[in-house]
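Chemist: Assemble the whole structure, with the sequences as input and the hints as a guide.
Protein sequences, first through last, are from chains D and U. With our numbering, letter number 208 in the first sequence gets 208, and the count goes up by one each step, no holes. With our numbering, letter number 24 in the second sequence gets 24, and the count goes up by one each step, no holes.
Keep in mind that the hints were calculated from the coordinates and are not lab data. The beta-carbon is built from N, C-alpha and C at its ideal position, and this holds for glycine as well. One thing to keep in mind: the hints can contain errors.
Unchecked claim - Sample of chain U residues at the chain D side, in silico, Cβ under 8 Å:
{"id": "1", "residue": "THR46"}
{"id": "2", "residue": "ASP47"}
{"id": "3", "residue": "THR50"}
{"id": "4", "residue": "LYS51"}
{"id": "5", "residue": "PRO79"}
Claimed, not checked - Far from chain D, some chain U residues (derived; all Cβ distances over 12 Å):
{"id": "6", "residue": "THR55"}
{"id": "7", "residue": "LEU67"}
{"id": "8", "residue": "ASP68"}
{"id": "9", "residue": "LEU76"}
{"id": "10", "residue": "GLU103"}
{"id": "11", "residue": "ALA104"}
{"id": "12", "residue": "ARG114"}
{"id": "13", "residue": "SER132"}
As the list claims (entries may be wrong) - Partner residues aside, some chain U positions facing chain D, computed with beta carbon under 7 Å:
{"id": "14", "residue": "HIS52"}
{"id": "15", "residue": "HIS80"}
{"id": "16", "residue": "GLU81"}
{"id": "17", "residue": "VAL143"}
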Amino acid sequence: MTHNGRGSDPTTDGGVADDAPAHSLRGYLRTLEAAGDLNRIGADVSWNLEASAITMLANDRDDRIPVFESVTDSQVPARLVGDPYRGSRRRPWDRPARALGLPPDLSGDAYYRRVMDRLRNPISPTTVGADDAACKSVIRRGDDVDLFSLPWPYIHAADGGRYSNLHTMVAPDPDSSWTDWSAHRAMIQDGARASVLLLAGEQTPNLFYYRYERREEPMPVALAVGVEPAAQFTASMWIPTGSEEAAFAGGLKGEPVELVECTTNDLKVPASAELVIEGRILPGERLDEGPFGDYFGYMHGPRRSMPVLRVDAVTHREEPLIPFCVEGSGVGYSLNTTSTTEVACIGPDATLGLRAAGYDVEKCVPWRFTPRSVYVVSTDVPRPGYLHELANFIFTTWGMLHVDFFVFVDADVDPLSTREVLEALALYADPDSDFHQFGAETMPKVPLNIYQTPEEKGDVETGTSKSKTAKAYIDATSDDESGASEPADGEGALRDRARLVLDRAGVDRNPGVMSGE
Amino acid sequence: MITRVRTVAYEHAGRSRRGGTVSDQYITSEDHLPADTDGEITLQVTDQETKHIFTTRARIARDAGELDGPDPLTILRGPHENREEQWYIEIIEADISEPSVDEATLEACFERSREGSNVLTARGDDVKTLVSYLVETGEYDSVSKAVRSLLGDHLSETRPELVDRYVDLRTEHEREAAELRLGGGHDDDP
Numbered sequence: 001m002t003h004n005g006r007g008s009d010p011t012t013d014g015g016v017a018d019d020a021p022a023h024s025l026r027g028y029l030r031t032l033e034a035a036g037d038l039n040r041i042g043a044d045v046s047w048n049l050e051a052s053a054i055t056m057l058a059n060d061r062d063d064r065i066p067v068f069e070s071v072t073d074s075q076v077p078a079r080l081v082g083d084p085y086r087g088s089r090r091r092p093w094d095r096p097a098r099a100l101g102l103p104p105d106l107s108g109d110a111y112y113r114r115v116m117d118r119l120r121n122p123i124s125p126t127t128v129g130a131d132d133a134a135c136k137s138v139i140r141r142g143d144d145v146d147l148f149s150l151p152w153p154y155i156h157a158a159d160g161g162r163y164s165n166l167h168t169m170v171a172p173d174p175d176s177s178w179t180d181w182s183a184h185r186a187m188i189q190d191g192a193r194a195s196v197l198l199l200a201g202e203q204t205p206n207l208f209y210y211r212y213e214r215r216e217e218p219m220p221v222a223l224a225v226g227v228e229p230a231a232q233f234t235a236s237m238w239i240p241t242g243s244e245e246a247a248f249a250g251g252l253k254g255e256p257v258e259l260v261e262c263t264t265n266d267l268k269v270p271a272s273a274e275l276v277i278e279g280r281i282l283p284g285e286r287l288d289e290g291p292f293g294d295y296f297g298y299m300h301g302p303r304r305s306m307p308v309l310r311v312d313a314v315t316h317r318e319e320p321l322i323p324f325c326v327e328g329s330g331v332g333y334s335l336n337t338t339s340t341t342e343v344a345c346i347g348p349d350a351t352l353g354l355r356a357a358g359y360d361v362e363k364c365v366p367w368r369f370t371p372r373s374v375y376v377v378s379t380d381v382p383r384p385g386y387l388h389e390l391a392n393f394i395f396t397t398w399g400m401l402h403v404d405f406f407v408f409v410d411a412d413v414d415p416l417s418t419r420e421v422l423e424a425l426a427l428y429a430d431p432d433s434d435f436h437q438f439g440a441e442t443m444p445k446v447p448l449n450i451y452q453t454p455e456e457k458g459d460v461e462t463g464t465s466k467s468k469t470a471k472a473y474i475d476a477t478s479d480d481e482s483g484a485s486e487p488a489d490g491e492g493a494l495r496d497r498a499r500l501v502l503d504r505a506g507v508d509r510n511p512g513v514m515s516g517e
Numbered sequence: 001m002i003t004r005v006r007t008v009a010y011e012h013a014g015r016s017r018r019g020g021t022v023s024d025q026y027i028t029s030e031d032h033l034p035a036d037t038d039g040e041i042t043l044q045v046t047d048q049e050t051k052h053i054f055t056t057r058a059r060i061a062r063d064a065g066e067l068d069g070p071d072p073l074t075i076l077r078g079p080h081e082n083r084e085e086q087w088y089i090e091i092i093e094a095d096i097s098e099p100s101v102d103e104a105t106l107e108a109c110f111e112r113s114r115e116g117s118n119v120l121t122a123r124g125d126d127v128k129t130l131v132s133y134l135v136e137t138g139e140y141d142s143v144s145k146a147v148r149s150l151l152g153d154h155l156s157e158t159r160p161e162l163v164d165r166y167v168d169l170r171t172e173h174e175r176e177a178a179e180l181r182l183g184g185g186h187d188d189d190p
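Modeler: In structure tokens, the structure reads:
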């Protein structure tokens, strides 16, 4: 093990100023602290369910972001951060906005516009030397590596193991200069191995299964844990195959992201990382992965055989911060990092993607109550069959393993507004004619879903579902070519009654998304 | 039945177990249990305290009294592993490296045995003397039966993963052959 004495540098981590993007996770946390949004917990807390329980409570109560300063049973004096990017319930994008140096009180519309503007202008990364990278403060390699010296959290009762689930996985295409950034959870097995959830159909898993493993070659990878916010957000976005996430992270941040070369391979990782796990995913080797309480909010089995990451080195900052997400706690009204990232980052990115493909959509927004399962798209409907064509494009071109169905609403309905979307569904979606099954049992489905039986999901080597499933979309557009939004006959009274029912049900007319700016 | 995610009950937050680095309680999945749980087995277990996952040589039993040094072993059952069964484990050797099976070599050996001679030859005075003794004292009918049985028993105990993979391979070939016959095809179809 080597120590080079480098620690965090408050002058370079960025953050505290309202209009500056955070250059690191700790810089972002200082921004939250300055805004009274951080809860530093000094009492001893265990990585074994306790940190996740407190985080789940904070998520449930819309409380401050917890940082666990004293984690018991950890050889390395590391700290845990529970769901650092969770947004506030009434304005899910406010903390991501702070992270990116945007005003936290932007309206949803304005926030989406600002993020899309930034993503339209990628900025290439720069490279710094190891001496200038805080993530190289401590270097452990070979036999000196022990993953269990770090306090990886045991997140849900009955999980198959302890997890790193908030990191950026960096992996290279063996046939080009492209390097993919992605997010795939890793279950810690022993001191030097982890099993990684690689579901074929996604970019990095495809690189492994269809290129490296077929050639019987190991895939070099790095898990960069606790990277700067822009890099963290970009790893979850749908950046096209062949495009560098690092450049989009720069665009999102508004300035270049700094990269540094790994110690044991030639991959480049965000230099801002709190900790980097360097290693290889081995061909032909599998270990258990799961069960894991996943984003649906349920414990998910069965355990599956997944590829094995063999660790060659771990480098980290002094007293590194290890962020984690309590998956499953972001359903219903409460948010977590996953559901927030969906709304605040993947939504604007998907909107841009649909526009780039020639669809005149106003906004594509993941439905915050069911992260990754339902998306709402506001759009004009210029011609008959347009919505079917749009759904076909999304499901077949983008793959969309996770998304089960779309809700299409008029362009003047704000998909960020719960009230407006529910009202559109109540007023314009006729169960007889507007609910469309799409691709009967022909669409690939991520096996993390809870409605297929284990037998239906199958035990497929490449990690996808054995059986296919159907997808669906709901047409909740007004179908009114004249532009009038209200019928002239007695149906008007029925619609008024529907609005009254929504009022009585407590569906907020003004959820706050349009205020500000 | 699928269960909602839970960490610990809220009222217990702050009082979870801390302390030692290694526990004397273990967890495994029914997926990892061999068909025959009698005698010495190789088993993947998780240390309940540290969550280390490792493969161990052990004996297990439902009744603690059947083992010399029993530690609790929770066996998780069901597709979502939400049914628990209490067993006991006596660890003989902790954290053994599970030898891997070289699939290509196994398949090549399998093909050579099918297509070529299946005679196994070996020279060794000691082995021949011992095996002959077992035959002459009536434990086995013949030298060949004794060698097959002893070698099979030994491999089942020491290399269960190799035997399992071989049985899978043989079953696969038998199924393919049966399909060809039932489908009216012939092995030598062009």
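Chemist: If any of the earlier hints don't hold here, list their numbers in rising order.
Modeler: Of the numbered hints, 2, 6, 9, 10, 11, 17 do not hold.
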